[in-house]
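Colleague: Just so you know, the protein sequences line up as chains A and B, in that order. Per my numbering, the very first residue in the first sequence carries number 430; after that it's consecutive. Per my numbering, the very first residue in the second sequence carries number 12; after that it's consecutive.
FYI, nobody ran anything at the bench for these hints, they're computed from the structure. All C-beta atoms, glycine included, are put in the ideal place defined by N, C-alpha and C. It is possible that some hints are incorrect.
[As the list claims (entries may be wrong)] Away from chain B, derived, C-beta distances all over 10 Å, residues of chain A:
{"id": "1", "residue": "Thr446"}
{"id": "2", "residue": "Glu481"}
{"id": "3", "residue": "Asn499"}
{"id": "4", "residue": "Ser512"}
{"id": "5", "residue": "Asp517"}
{"id": "6", "residue": "Ser518"}
{"id": "7", "residue": "Ser524"}
[Claimed, not checked] Below, a list of computed lysine-lysine pairs in the BS3-like style, where the Cα atoms sit at most 30 Å apart:
{"id": "8", "chain 1": "A", "residue 1": "Lys470", "chain 2": "B", "residue 2": "Lys112"}
{"id": "9", "chain 1": "A", "residue 1": "Lys470", "chain 2": "B", "residue 2": "Lys69"}
{"id": "10", "chain 1": "A", "residue 1": "Lys449", "chain 2": "B", "residue 2": "Lys88"}
{"id": "11", "chain 1": "A", "residue 1": "Lys493", "chain 2": "A", "residue 2": "Lys470"}
{"id": "12", "chain 1": "B", "residue 1": "Lys60", "chain 2": "A", "residue 2": "Lys470"}
{"id": "13", "chain 1": "A", "residue 1": "Lys470", "chain 2": "B", "residue 2": "Lys88"}
{"id": "14", "chain 1": "B", "residue 1": "Lys112", "chain 2": "B", "residue 2": "Lys88"}
{"id": "15", "chain 1": "B", "residue 1": "Lys33", "chain 2": "B", "residue 2": "Lys112"}
{"id": "16", "chain 1": "A", "residue 1": "Lys443", "chain 2": "A", "residue 2": "Lys493"}
{"id": "17", "chain 1": "A", "residue 1": "Lys449", "chain 2": "A", "residue 2": "Lys484"}
{"id": "18", "chain 1": "B", "residue 1": "Lys112", "chain 2": "A", "residue 2": "Lys495"}
{"id": "19", "chain 1": "A", "residue 1": "Lys470", "chain 2": "A", "residue 2": "Lys495"}
{"id": "20", "chain 1": "B", "residue 1": "Lys33", "chain 2": "A", "residue 2": "Lys470"}
{"id": "21", "chain 1": "A", "residue 1": "Lys484", "chain 2": "B", "residue 2": "Lys112"}
{"id": "22", "chain 1": "B", "residue 1": "Lys112", "chain 2": "A", "residue 2": "Lys493"}
{"id": "23", "chain 1": "A", "residue 1": "Lys484", "chain 2": "A", "residue 2": "Lys495"}
[To be verified] Which chain A residues face chain B? A few, computed with CB under 10 Å, are given here:
{"id": "24", "residue": "Ser438"}
{"id": "25", "residue": "Ile441"}
{"id": "26", "residue": "Phe457"}
{"id": "27", "residue": "Thr461"}
{"id": "28", "residue": "Gln467"}
{"id": "29", "residue": "Lys470"}
{"id": "30", "residue": "Ser472"}
{"id": "31", "residue": "Tyr487"}
{"id": "32", "residue": "Phe520"}
{"id": "33", "residue": "Leu532"}
{"id": "34", "residue": "Glu533"}
{"id": "35", "residue": "Gln534"}
{"id": "36", "residue": "Pro538"}
{"id": "37", "residue": "Gly539"}
{"id": "38", "residue": "Arg541"}
{"id": "39", "residue": "Leu545"}
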Amino acid sequence: GAVVSQHPSWVICKSGTSVKIECRSLDFQATTMFWYRQFPKQSLMLMATSNEGSKATYEQGVEKDKFLINHASLTLSTLTVTSAHPEDSSFYICSAGGTSGLLEQFFGPGTRLTVL
Amino acid sequence: AQSVAQPEDQVNVAEGNPLTVKCTYSVSGNPYLFWYVQYPNRGLQFLLKYITGDNLVKGSYGFEAEFNKSQTSFHLKKPSALVSDSALYFCAVRDGLGTDKLIFGTGTRLQVFP
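If we strip away everything but chain B, and leave its shape as in the complex, we get (with noise of 0.2 Å):
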């Protein structure tokens, strides 16, 4: 069965510093992988995605993920982070072909101190 990890409940990082929130899955096939961000008391917002090609994938925001097929990790990053970049990130992996389905991470909420 598919599934993606989150090892980290909380990351902590100071306005201006570079962010890593960890993601690891586990697939058989080609695995297609996502991020998105939830702010509190809101739906999930789409911030990119890796399907295939380049291993570095850039999305909203000025956030990036790269794909790291031998270590079956997707980090989410970001150079400088913001202390509206605080909130709560989700990794997720499409539940297998034929199907739309997403199997969602338990979450790592970002804390960005000024």
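In isolation and in its complexed conformation, chain A is listed as follows (with noise of 0.2 Å):
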């Protein structure tokens, strides 16, 4: 049980096009989902947390223009990627929580996103 898996594993595109990244809880609703960026060898850095039908919390210093995320669903979080750059380039980590009973957080696979 609380599975999530993401899409895609992997993306490559050139700058100044938009990517989107989907997270889903395939076997549990998650009232709250987290979205991370990992730059290699160094820890997850929380960029947003998005609660199900409601706007997306960023941490300070993450642009809400940039990174678009949306919680349509208690299944579903997208987060997109504006107009990409190099810059970007990164390890995406998702994570969804809110089970009942549970504290943890359960985490996606991943998305490798590397921008020409």
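Need the complex rebuilt from these two chains, each delivered in its own frame; the hints are there to steer you.
Modeller: Laid out in structure tokens, this is it:
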């Protein structure tokens, strides 16, 4: 149980294009989803917290107009990197929480974004 | 503010030997502590958590962690390491009451040698 999927697992795009990453909770309803960014050999940096049906809460320093987050249902959240640039290249990981009685988050497998 | 520290960037251990990955925390109030493991190019997998109760918490894959309030530590342990345990390990603490946010440590790379 508590499986989270991400799609795509990797993507390569040209500078200036937008990329959408999907995060799905497959066997539970996630009231809260989190988006992280991870640079090589570094820890996870929380980008934003999204709650179903409401606007995402962004961490300080994260541009909300560049990283659009939509949490349209209890099983799906999307992160859109708009007008991507090479410095946006990173490993993006989502997680889901809020399952009844559990405090841990369940993580997706991650999406490797490379912007040329 | 809540925080966790992982003082070791890397831990090396021979297969079959016991392993310990260290974590210390700083919180206001009762700590909710977690350990996750990350394999290359993968997301994080939940290993175990401490919320309340017994100080020794048992988790997945034979791992356990000992909560020590006086030393504000939550070290991850395993009696006998496997080569397949080689991965990146993260300690995390919940960022206070009323939030599901986690604060992660910087990670410790565990290398188990055959």
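Colleague: Does each hint hold? Answer for all of them.
Modeller: To see whether the hints hold, each was checked on the structure:
No beta-carbon of chain B is positioned within 10 Å of the beta-carbon of Thr446(A); the least distance is around 23 Å. Every CB of chain B is more than 10 Å from the CB of Glu481(A) (nearest about 13 Å), matching its label as outside the interface. The beta carbon of Asn499(A) is kept farther than 10 Å from every beta carbon of chain B, the shortest such distance being approximately 19 Å. The beta carbon of Ser512(A) sits about 26 Å from the closest Cβ of chain B, which is more than 10 Å, so the claim that it is off the interface holds.
At roughly 18 Å, the least C-beta separation between Asp517(A) and chain B is larger than 10 Å, which holds for a residue marked as non-interface. The beta carbon of Ser518(A) is kept farther than 10 Å from every beta carbon of chain B, the shortest such distance being approximately 14 Å. The Cβ of Ser524(A) sits about 8 Å from the closest Cβ of chain B, inside the 10 Å cut-off, so the non-interface label is violated. Only pairs whose Cα atoms come within 30 Å are accepted, and Lys470(A) paired with Lys112(B) is accepted, the gap being roughly 22 Å.
The suggested pairing of Lys470(A) with Lys69(B) holds, with an alpha-carbon distance near 27 Å, which does not exceed 30 Å. With a C-alpha separation of about 39 Å, the suggested pair Lys449(A) and Lys88(B) falls outside the 30 Å cut-off, and the hint is violated. Taken as a hint, the Lys493(A) and Lys470(A) pair is honoured in the structure, with Cα atoms around 25 Å apart against an allowance of 30 Å. Between Lys60(B) and Lys470(A) the CA atoms are separated by roughly 24 Å; this keeps the pair inside 30 Å, and the hint holds.
Pair hint Lys470(A) plus Lys88(B) holds up; C-alpha atoms about 22 Å apart against a cutoff of 30 Å. Only pairs whose Cα atoms come within 30 Å are accepted, and Lys112(B) paired with Lys88(B) is accepted, the gap being roughly 25 Å. Proximity of Lys33(B) to Lys112(B) is assessed by CA-CA distance (about 22 Å); at most 30 Å being required, the pair is judged to hold. Using a Cα cut-off of 30 Å, the hinted pair Lys443(A) and Lys493(A) holds, with the two alpha carbons roughly 21 Å apart.
At most 30 Å may separate the alpha-carbon atoms for a hinted pair to count; Lys449(A) and Lys484(A) meet this at roughly 17 Å. This hinted pair checks out: Lys112(B) and Lys495(A) have alpha carbons roughly 22 Å apart, not beyond 30 Å. A hinted pair counts as satisfied when its Cα atoms are at most 30 Å apart, and Lys470(A) with Lys495(A) qualifies at roughly 24 Å. A C-alpha spacing of about 18 Å is found between Lys33(B) and Lys470(A), which places the hinted pair at or below 30 Å, so the restraint holds.
Of the pairs offered as hints, the one joining Lys484(A) and Lys112(B) holds, with about 16 Å between alpha carbons and a cut-off of 30 Å not exceeded. Of the pairs offered as hints, the one joining Lys112(B) and Lys493(A) holds, with about 18 Å between alpha carbons and a cut-off of 30 Å not exceeded. A C-alpha spacing of about 15 Å is found between Lys484(A) and Lys495(A), which places the hinted pair at or below 30 Å, so the restraint holds. Interface restraint check: Ser438(A) against chain B, minimum CB-CB distance 9 Å, threshold 10 Å, status holds.
Restraint check, Ile441(A) versus chain B: the minimum CB separation of about 15 Å is more than 10 Å; hint violated. Evaluation of the Phe457(A) hint against chain B yields a violated restraint, the C-beta minimum of about 13 Å exceeding 10 Å. Checking Thr461(A) against chain B: minimum C-beta separation of about 5 Å stays under 10 Å; hint holds. The interface hint given for Gln467(A) is met, as the beta carbon of that residue sits about 9 Å from the closest beta carbon of chain B, less than 10 Å.
Checking Lys470(A) against chain B by beta carbon gives a least distance of about 8 Å; that is within 10 Å, so the hint holds. Contact between Ser472(A) and chain B, as hinted, is supported at the beta carbon level, the nearest pair being about 5 Å apart and thus within 10 Å. Evaluation of the Tyr487(A) hint against chain B yields a violated restraint, the C-beta minimum of about 12 Å exceeding 10 Å. Because the smallest distance between the Cβ of Phe520(A) and any Cβ of chain B comes to about 8 Å, under 10 Å, the interface hint for this residue holds.
Hint status for Leu532(A): holds, given a least beta-carbon distance of 6 Å to chain B, under 10 Å. Interface hint status for Glu533(A): upheld, as the beta-carbon distance to the closest one in chain B is roughly 5 Å, under 10 Å. For Gln534(A), the suggested interface contact is upheld, since its CB lies about 6 Å from the closest CB of chain B, less than 10 Å. With a least beta-carbon distance of about 5 Å to chain B, the hint placing Pro538(A) at the interface is held under the 10 Å criterion.
The closest approach between the C-beta of Gly539(A) and any C-beta of chain B is roughly 5 Å, which is under the 10 Å cut-off, so the hint is satisfied. A distance limit of 10 Å between C-beta atoms decides the matter here; for Arg541(A) the minimum to chain B is near 7 Å, and the interface restraint holds. The closest approach between the C-beta of Leu545(A) and any C-beta of chain B is roughly 19 Å, which is over the 10 Å cut-off, so the hint fails.
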